[in-house]
Amino acid sequence: MAENILVIGGGPAGLNAATMLSELGVKVTLAERDLFLGGNPKKFKYKFLFPDMQPADNVVGELIKKAETSSNIKVYLSSEISDFKENGKKFDAQIKSPDGNEIKTFDSVIVATGFEHFDPARDAKYSYQLFDDVIDIKDLERMMGEGNFARPSNGQPPKNVAFILCVGSRDRHVGNQYCSRVCCTVSVKQAIELREHFPDCEVYIFYMDIRTYGFFEDLYWQAMEEHDVQIVKGRVAEITSGPDNTVICKGEDTLLRGPFEIPFDMVVLASGMEGGPQSSEMAKKLGLELDEHGFLKPQNVTLALFKSNKEGIFLAGACTGPKAISDSIIEGGAAAMNAYIYAVRNH
Amino acid sequence: MEYDENGVSIVPFEFKKEIFEEAKKDFRYEEYVRGCLNCGVCTGGCPPHRFFDFSPRIVLQKMKSKDPELIWTMMDEYVWACFQCFTCAMICPFLNSPGGIIAILREIAVRRGFESAKKVLKPYSRVLLKLTAYGNQLSPDMIQPDFFPDWGPHIGYASTDLAVKRKAIPMPTLQVTNLAWDVAPETMKELYDIFDEAGVFKIIEAVDPSLYEIIQDIVDDVRSS
Ligand SMILES: Cc1cc2nc3c(=O)[nH]c(=O)nc-3n(C[C@H](O)[C@H](O)[C@H](O)COP(=O)(O)OP(=O)(O)OC[C@H]3O[C@@H](n4cnc5c(N)ncnc54)[C@H](O)[C@@H]3O)c2cc1C
Ligand code: SF4
Ligand code: SF4
Ligand code: SF4
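Residue numbers (the working numbering), protein chains in the order written: chain L, 1 to 347; chain Z, 348 to 572.
Worth flagging that the hints you see were computed from the coordinates, not collected in a lab. Accuracy of the hints is not assured; some may be wrong.
Distance condition first, Cα-Cα at most 25 Å in a straight line; then the derived SDA-like pairs of lysine to any residue [to be verified]:
{"#": "1", "chain 1": "L", "residue 1": "K96", "chain 2": "L", "residue 2": "P277"}
{"#": "2", "chain 1": "L", "residue 1": "K125", "chain 2": "Z", "residue 2": "C432"}
{"#": "3", "chain 1": "Z", "residue 1": "K411", "chain 2": "L", "residue 2": "R257"}
Construct all of the structure, not just a fragment, from the sequences and the given hints.
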């Protein structure tokens, strides 16, 4: 009889883990909490992905198709793991879905429950939810995905737009000291998309450090050289309402202008990634450890990012920290390999 | 004192170092100076930054530099530009307190009787006198239309017939006009002991010797009564 492996979470990491295992002939149970597969890129309708602007459908759509068409993968949508017990070297899990409760025994488990977007309303200085024209990068991603690219307050094209980096990251006040890694590149990518869509619109990026690491730097240079995006060093201290239905960003340009107060038609907050309630839920249910940042803690951050503190339970994707889709997919593969080895040994 | 060719006094490096060491020894220092991202969010939220060449980011950066020369440049007028509103401390992502550092540096300037401290505190000598000699700050007889034009159109009326108006207040200790309330001599004596212990009288002696003498006369009178 084939091995049975449980994958929790159907984002890029979980989808790739499930698909690879299915190709090895493993019977995979894929439990996804949402009504659909694809994780955050699907939920927020990401349209084009950094670094090369390829359609998200080529990546996420492809992963979903493979998982859905594999006869070895049983997908449970709108489901949750309602009970979880160790059973010798194996695991008994109860999967609760609209079709009822099912208890199954698994040889190993992969947790790929991903991240949540930081809710910018938690940092009052940005006036998110107070002004319609203050949105964040996931809102903009969704607006672009839905082909509805305009000022939320009046449906008009914006004349100028400000991006504010590090919202909800690198800030002790909101409790997140870490860098969310992708938001610089996402913002630069979106700035380019805005400039292409509205050639008359001025785009500013307010930053503390631009972290378009590795080859992502190409996008940053393009933004300056080919798209004339204004890059200003300084964090915005306050957003207030301005004349003519604008929002004013107030801050210090630490290199050039000193104090500034600039009215914008639209402000886009680069909100970061958090472990979300699902990380602590998984930690509690499965007996895993959380790290000091609120993500699931790997056994060794360098040697074994894909292993949890529990034998037989493996981790993949953004549930262990902020990262790009490519990293999440790679980790899905690594976790699959390790979960397979464990399953074969104890089967 | 040493002077350069333009007759400007030269402050020796050793003295500047001493000032920095004094700031660093303050029990609040470690809490107020942590890392700094040079992000400028403190300065963006700082009210005086809009009007003066003053920036809490620079305050923190200069402290982090540990360079006594840089820190010395703030000891004159610079530290007095801060409103002590602590917006900076409320929004700094590192939880630094540039406003708190300013407080530490100001206290050094006052303790050591620096010229800038004397100049800034001069207009407050009346308040200082009331506060240290009697333990209260504003008194009814200080309400005069010339001093408080921003108190509205009734300030003129409010400043007349003070004695009668105060009698209308039922609290017995409030029926004085040269003080906010009548302070018992026992209370004053306790207060003087506290000021002695805390070094408040010494500070006043350093920044305003003539005010110090007036206060000491009152203190002596009360203590011997
Ligand atoms: C605005 C934004 C734009 C981005 N754009 C790009 C880009 O262009 N290119 C790029 O490489 N990366 C991009 N990223 C990063 C990318 O979103 C992540 O790397 C990727 O989504 C991580 O995949 P994941 O599978 O680990 O997690 P997720 O995508 O978060 O998927 C996790 C899945 O697990 C499910 N789940 C959670 N809890 C449970 C539970 N208890 N039970 C069952 N299921 C559960 C969730 O519903 C979800 O489907 C972007 C990120 C942001 C914030
Ligand atoms: S990736 Fe950029 S915007 Fe995101 S937290 Fe890091 S530095 Fe800030
Ligand atoms: S406390 Fe001083 S430095 Fe800080 S914001 Fe207020 S005025 Fe500026
Ligand atoms: S807000 Fe804090 S971290 Fe940012 S420049 Fe000011 S002191 Fe430094």
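query = Can you name, in rising order, the numbers of the hints this structure does not satisfy?
reply = none
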